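Chemist: Each chain, written out:
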Amino acid sequence: GESVGLHLPTLSVQEGDNSIINCAYSNSASDYFIWYKQESGKGPQFIIDIRSNMDKRQGQRVTVLLNKTVKHLSLQIAATQPGDSAVYFCAENRGTGGYQKVTFGTGTKLQVIP
Amino acid sequence: ETGVTQSPTHLIKTRGQQVTLRCSSQSGHNTVSWYQQALGQGPQFIFQYYREEENGRGNFPPRFSGLQFPNYSSELNVNALELDDSALYLCASTLSGGGISGHEQYFGPGTRLTVT
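Going line by line, the protein sequences match chains B and V.
Just so we're aligned, residue 62 is where the first sequence starts under this note's numbering, counting upward by one.
Just so we're aligned, residue 353 is where the second sequence starts under this note's numbering, counting upward by one.
The hints are simulated quantities; they were obtained by calculation from the structure and are not laboratory data.
Some clues are possibly wrong.
[Stated by the list, open to error] Within a straight-line C-alpha distance of at most 25 Å, the following computed DMTMM-like cross-link-like pairs (lysine to aspartate or glutamate) qualify:
#, chain 1, residue 1, chain 2, residue 2
1, B, K162, V, E405
2, B, K129, B, D110
3, B, K162, V, E427
The structure displayed is predicted, hence computed values, not measured ones.
Isolated chain B (complex conformation) (with noise of 0.2 Å):
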């Protein structure tokens, strides 16, 4: 079966430090993954995706990193800052029957402490 799935719930990290949070997939006929941003009362917000055919995608601040030897994929964040604090979903992306099929991971909670 299909699965995307996080390694820890909750994060906290100090303000300034860098931020990782961390991803494993099931399905191997994944070819691109994506990156979401959830601040309460909000819809996910994109952040940064990256194709299969790639291992690193880095953007400002972020940094995707993506192991498809073992179905990993990780979400960095550089120079934490108050305003990063949300929950993060990583999400992989298929071509199913003819439409592209997005499904999420549960998230990850990180709490930026000041």
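The hints should help you fit chain V onto chain B, whose structure is shown.
Modeler: Relative to the frame of chain B, chain V by itself:
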């Protein structure tokens, strides 16, 4: 803000009742997906509409149904409500040819449904 709006913001219904939730997609977006997000969980895909046709469905029973209108706005209808239907319902719009790339999917703020 994404430009995707949903109504109502909150809703309380009784078990067995029916509910209709609405979503206005971002201007020009022709694809709308609906998700159910239970407390403490990730969003679960319900179905997707592209040009007024359902073109994909998750593991949800037929009492979850939807519509998409010519202006690409959408409705989610749930019949015979159950207590477990209590959740945040999210819609996401996309401009695509029937598929979704994550960065093109814009979520609304959701409708919080409580079934008592």
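Chemist: Sort out whether V/E405 lies within 25 Å of B/K162, counting only the CA atoms.
Modeler: Holds - the C-alpha atoms of V/E405 and B/K162 are around 16 Å apart, at most 25 Å.
Chemist: Holds or violated: B/K129 with B/D110, Cα cutoff 25 Å?
Modeler: Holds. B/K129 to B/D110 sits at ~15 Å (cutoff 25 Å).
Chemist: Please verify whether B/K162 and V/E427 have alpha carbons no more than 25 Å apart.
Modeler: Roughly 19 Å separates the two Cα atoms, so the pair holds.
Every hint, counting from the list given before, is met by this structure.
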